[in-house]
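Work the whole structure out from these sequences, hints included.
These protein sequences, in sequence, are chains A and B. Following the working numbering from start to finish, the first sequence increments by one per residue and tops out at 420. Following the working numbering from start to finish, the second sequence increments by one per residue and tops out at 327.
Read the hints as simulated data drawn from the structure, not as lab findings. It is possible that part of the hints are untrue.
Heads up, incomplete: computed chain B residues facing chain A, CB under 7 Å, no partners named [to be verified]:
#1 GLU3
#2 ASN254
#3 PHE281
#4 ASP282
#5 TRP283
#6 LEU284
#7 ASN324
In silico lysine to any residue, SDA-like type, Cα no more than 25 Å apart, as pairs [said to hold, decoys possible]:
#8 B:LYS326 <-> A:GLU15
#9 A:LYS410 <-> A:VAL382
#10 A:LYS140 <-> B:ARG196
#11 B:LYS326 <-> A:ALA176
#12 A:LYS140 <-> B:PHE281
#13 B:LYS326 <-> A:GLY11
#14 A:LYS407 <-> A:LEU280
#15 B:LYS326 <-> A:LEU237
#16 B:LYS326 <-> A:GLY76
#17 B:LYS326 <-> A:LYS407
#18 A:LYS328 <-> A:ALA311
#19 B:LYS252 <-> A:LYS407
#20 A:LYS140 <-> B:GLN277
#21 B:LYS252 <-> A:LYS410
#22 A:LYS328 <-> A:VAL353
#23 A:LYS410 <-> A:VAL353
#24 B:LYS326 <-> A:GLU34
#25 B:LYS252 <-> A:ARG152
#26 A:LYS140 <-> B:GLN279
#27 B:LYS180 <-> B:ASN166
#28 A:LYS410 <-> A:SER232
#29 A:LYS140 <-> B:ASP282
#30 A:LYS32 <-> A:GLU80
#31 B:LYS225 <-> B:LYS326
#32 B:LYS252 <-> A:ALA311
#33 B:LYS326 <-> A:VAL82
#34 B:LYS325 <-> A:PRO164
#35 B:LYS326 <-> A:GLU171
#36 A:LYS140 <-> B:LYS225
#37 B:LYS252 <-> A:GLU151
#38 B:LYS325 <-> A:GLY166
#39 A:LYS140 <-> B:LYS326
#40 B:LYS326 <-> A:ARG160
Positions of the beta carbon are idealized from the N, C-alpha and C atoms, including for glycine.
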Amino acid sequence: MATEVILPRLGQGMEAGTIVRWLKSEGEQVEKGEPLFELDTDKVTQEVEAEASGVLLRIAVAAGEVPVGETVAFIGEAGEDVPAADARVEAERGAAASAEKPAAAPARDPERDRGREASVGADAQGQSAFSAAISNGRIKASPLARRIARERGVDLASLRGTGPDGRIVAEDVERAGPAGPAPAAAPAQAVPVAAGEIERRPLSNVRKTIARRLTQAWTVPAFMLTVQIDMSRANALVGGQRELHPDVRITVTDLLTKVCAQALMRHREMNVQFTDEELLVFPSADVGIAVAAPAGLVVPVVRGAERLSVAEIAAVRTDLVGRARDGKLRAEDLDGGTFTISNLGMYDVDQFVAVLNPPQASILAVGATRETVVPRGGELEVVPLMSVTLTCDHRAVDGATGAEFLKSVKAFLEDPGLAL
Amino acid sequence: MPELTYREAVRDALSQALRQDEDVFLMGEDIGEMGGSMGVTHGLLDEFGPERVRNTPISEMALAGAAIGAAMQGMRPVAEIMYEDFMTLASEQIVNQAAKARYMSGGQLTVPVVFRTQGGAGWSPGAQHAQQLESWFVHVPGLKVVFASTPEDVRGLLWSAIYDDNPIVFFEHRTLYGIKGHVPEEIEPIPLGKARVHREGEDVTVVATGRLVHEALHAAEEAEKEGVSVEVVDPRTLQPLDEETLVASVRKTNRAVVAHEAVTRMGFGAEVASVLQYQAFDWLDAPIERVGARFAPLPFAPVMEAFVVPHMEDVLAAVYRTVNKKI
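Here it is, written out as structure tokens:
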């Protein structure tokens, strides 16, 4: 018996994922534990490992969005029979090919795959992205489900099967109720784009998530606090740490992470999240670091940063940022997080305001450090000043609380011994 | 209503027929003084004498042939084949002669003979003394095949078998001889070709024969605790098959499990599944599940025997598969 490769649930709340590409081809030998395909969830693109050894007999879904639990491939012995290929394989192969040439038409032949077309309609109605039960161009439904659908005029292609292997069973049809008017034919069809016109890029899951979460963040009443920090001693400390730990590349961000974690522990009322019923106060500082990955912004988390040394933080961050840039973060790298640091100093940005990273209650926007003339005791001194802006969820945190936290951050950076 | 064991119920049908009808007589190996290897005919020699309760030499083909000949001559013999496994030795007479005579003679001959036999695992009889070979005989036009699972059914069906004018292979199950059940005061003949709904249910129909009827009833009780309502139907007569009752049940429940102790492959259940899918196709909400023995000669070791033949748990698992329930 061939083993079905099932789309895994990589994190809580994950309902579907998008297969980006297969790392093995049909007919290729696969060992258990080997990366099998790349899966794009709303948080992360991750390699999914094979759960069985054998020959990759058939790829049922070559690319595209798939609900959790659906069979996407079969692994077994060479020559073994497996259920026929999913009609979407061909459709998605076509789509993938057009995606590689963005100037070309992303439009699909409407006659090509009725099931797929129906799924576009279903999507528009806010239902599941597509019917799970389409197999070999034929919808997988029990005879009883077919009869009921026929009698009630329900389009099976619009249904999601809950039976074995996604088969549509009678209950699925009955739940769907009587058919409404047939959905208007594919208004979502994209129009081919001529050269010089607007290029239309489909939104990736990461992009959609960014849009959804930041829109959500915008509805939160927020305030911003800015301070300037003398980085003389912090820079010296980073230099000293680099000498002590030549094997890891320690940066200001690592020191900032450590300092913010210490300050969060001193001001526990900052290490919080607001919910409608209660305020969640977290026991440790899980500091997210905003990374500009090729696919878009991601925020991997350094867990328990208050317990890590600067060098340890640097090692963790190097790993996370490296994997973020390679698109190899795992869902668990992104889960949680009680605070976020967003550093645009390397882009020469003086100062900026970061948008909250919900459900977190605060985020620190870090600008570039500049040699600045500062009057001190009647003298003018040239001091490396760094501007940071703290954005706070005002539902969870008051201005004074934020200010005290920021004061600690400033103090710890200007006199790192205070953080001990 | 009196309570009889399955064994006593068989004996009761035989003795009442012997008492009432001069044409009825018994043949078989060790059915006289010994009362048969399963004790079914115990005491009958004393009451009816050696003319009517006839011990035969150890030759199944010879005793089958003699019984068939007597039937052609107007008697109603009931021949006991000690083990189903030995039906293989008698099958030339049963398959080539008894099953064909009425057709080949253009209806001039009838062969009102009953071949009682028994089999079944559960007591470590090994590979040659416990096979379930009913599918060999349901495949032969001209034979009727009965497999009773309760005292009441075995008595009423055996009576009808004795008085049917066709050759009948009548299967009993070794492990059922001891079970008790109420039977009517007077023998009520149960028509051949009429299934029995043992238990009504809404979600899944289990079509079971022989010992598996009891396993299915047990599984139904377990499933009920999980909210799955199981209907248990025993065809009782495998040939002719009461398609109407089976199909009606599956059209009601929309799901079916077919269960027997015989090996699944090419078994009686395959035919039932075919009948159901054809006549209840538009009512099926899940593939028909089959439960039966693994495709292997029956091992002697009790643990291995238990592994090969199906039990309540196998029926239950099949029931749950049809409703896509994970346990």
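Each hint tested on the structure:
no. : hint                  : in the structure
1   : GLU3                  : 42 Å, violated
2   : ASN254                : 5 Å, holds
3   : PHE281                : 5 Å, holds
4   : ASP282                : 4 Å, holds
5   : TRP283                : 5 Å, holds
6   : LEU284                : 5 Å, holds
7   : ASN324                : 5 Å, holds
8   : B:LYS326 <-> A:GLU15  : 20 Å, holds
9   : A:LYS410 <-> A:VAL382 : 18 Å, holds
10  : A:LYS140 <-> B:ARG196 : 34 Å, violated
11  : B:LYS326 <-> A:ALA176 : 24 Å, holds
12  : A:LYS140 <-> B:PHE281 : 15 Å, holds
13  : B:LYS326 <-> A:GLY11  : 22 Å, holds
14  : A:LYS407 <-> A:LEU280 : 23 Å, holds
15  : B:LYS326 <-> A:LEU237 : 59 Å, violated
16  : B:LYS326 <-> A:GLY76  : 24 Å, holds
17  : B:LYS326 <-> A:LYS407 : 56 Å, violated
18  : A:LYS328 <-> A:ALA311 : 23 Å, holds
19  : B:LYS252 <-> A:LYS407 : 74 Å, violated
20  : A:LYS140 <-> B:GLN277 : 17 Å, holds
21  : B:LYS252 <-> A:LYS410 : 75 Å, violated
22  : A:LYS328 <-> A:VAL353 : 28 Å, violated
23  : A:LYS410 <-> A:VAL353 : 17 Å, holds
24  : B:LYS326 <-> A:GLU34  : 29 Å, violated
25  : B:LYS252 <-> A:ARG152 : 19 Å, holds
26  : A:LYS140 <-> B:GLN279 : 20 Å, holds
27  : B:LYS180 <-> B:ASN166 : 30 Å, violated
28  : A:LYS410 <-> A:SER232 : 12 Å, holds
29  : A:LYS140 <-> B:ASP282 : 14 Å, holds
30  : A:LYS32 <-> A:GLU80   : 18 Å, holds
31  : B:LYS225 <-> B:LYS326 : 14 Å, holds
32  : B:LYS252 <-> A:ALA311 : 70 Å, violated
33  : B:LYS326 <-> A:VAL82  : 23 Å, holds
34  : B:LYS325 <-> A:PRO164 : 9 Å, holds
35  : B:LYS326 <-> A:GLU171 : 17 Å, holds
36  : A:LYS140 <-> B:LYS225 : 31 Å, violated
37  : B:LYS252 <-> A:GLU151 : 17 Å, holds
38  : B:LYS325 <-> A:GLY166 : 14 Å, holds
39  : A:LYS140 <-> B:LYS326 : 20 Å, holds
40  : B:LYS326 <-> A:ARG160 : 19 Å, holds
Violated hints for the displayed structure, listed by number in ascending order: 1, 10, 15, 17, 19, 21, 22, 24, 27, 32 and 36.
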